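K.L.:
Assemble the whole structure, with the sequences as input and the hints as a guide.
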Amino acid sequence: MEEFFTRQKSNEGVKLPLVHPDGSPSKHWIKVRNTKSDAFRDKLSAQYEMQQAAIGAQDENGNAIEVEALDQNVLLATLIADWSLEDELSDENKLKLMVEAPQIADQIDKYATNNKLFFSDPSKDSTTTLEKSAS
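Be aware that the sequence shown starts at 112, since it is given in the working numbering, and climbs by one per residue.
No lab work stands behind these hints, which were simulated from the structure alone.
Just so you know, not all the hints are guaranteed correct.
To be verified - DEER-style ranges, computed between Cβ atoms:
1) 118 x 159: 36 to 46 Å
2) 153 x 197: 26 to 36 Å
3) 197 x 174: 40 to 50 Å
4) 159 x 224: 49 to 59 Å
5) 172 x 152: 32 to 42 Å
Said to hold, decoys possible - Pairs of lysine-lysine, DSS-like flavour, derived with a Cα cap of 27 Å:
6) 154 x 207
7) 207 x 147
8) 207 x 138
As the structure is a prediction and not an experimental result, all values here were calculated from the model.
Yeah, the Cβ is synthetic: ideal placement off N, Cα and C, and Gly gets one too.
P.N.:
In structure tokens form, the structure reads like this:
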């Protein structure tokens, strides 16, 4: 049964090496959680519940309140478990990075949904899955 468990590895995350906008390597990395992680699933559920609560709601003038789409940057920020950046690892800074560096947000989105990065056995290959996926 345990061979099918994914929760622990989803929550631990994998390191994503960061590159500069011009594609040159940097010394920095971000540890990315899988979309099956507790943090991501909790945030997704909370945002969905807020949307559902807003459906049919009206403002003080009786006008329908617009239901906002799920904020992808907020969801992507929850996938960041750690980083090597000098800035404090805070919710505010994670969100700022997603907004101001959309190329990194795109990378996180791709990594977080790539189950092979989280659940394959890296000892079966001499190069890491991260390096292969980054190329």
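K.L.:
Evaluate each hint against the coordinates.
P.N.:
For each hint, the structure was consulted:
1. In this structure the supplied range 36 to 46 Å is violated for residue 118 paired with residue 159, their Cβ-Cβ distance being about 20 Å.
2. Checked against the hint of 26 to 36 Å, the C-beta distance between residue 153 and residue 197 comes to roughly 28 Å, which is consistent with it.
3. Our hint of 40 to 50 Å for residue 197 and residue 174 holds, since their Cβ atoms are close to 46 Å apart.
4. The hinted window of 49 to 59 Å between residue 159 and residue 224 is violated, with their beta carbons roughly 18 Å apart.
5. At about 36 Å, the CB distance of residue 172 to residue 152 agrees with the hint of 32 to 42 Å.
6. The suggested pairing of residue 154 with residue 207 holds, with an alpha-carbon distance near 17 Å, which does not exceed 27 Å.
7. Taking the CA atoms of residue 207 and residue 147, the gap is about 23 Å. The hint holds against a cut of 27 Å.
8. Proximity of residue 207 to residue 138 is assessed by CA-CA distance (about 20 Å); at most 27 Å being required, the pair is judged to hold.
Hints 1 and 4 from the list above are not met by this structure, while the remaining hints are.
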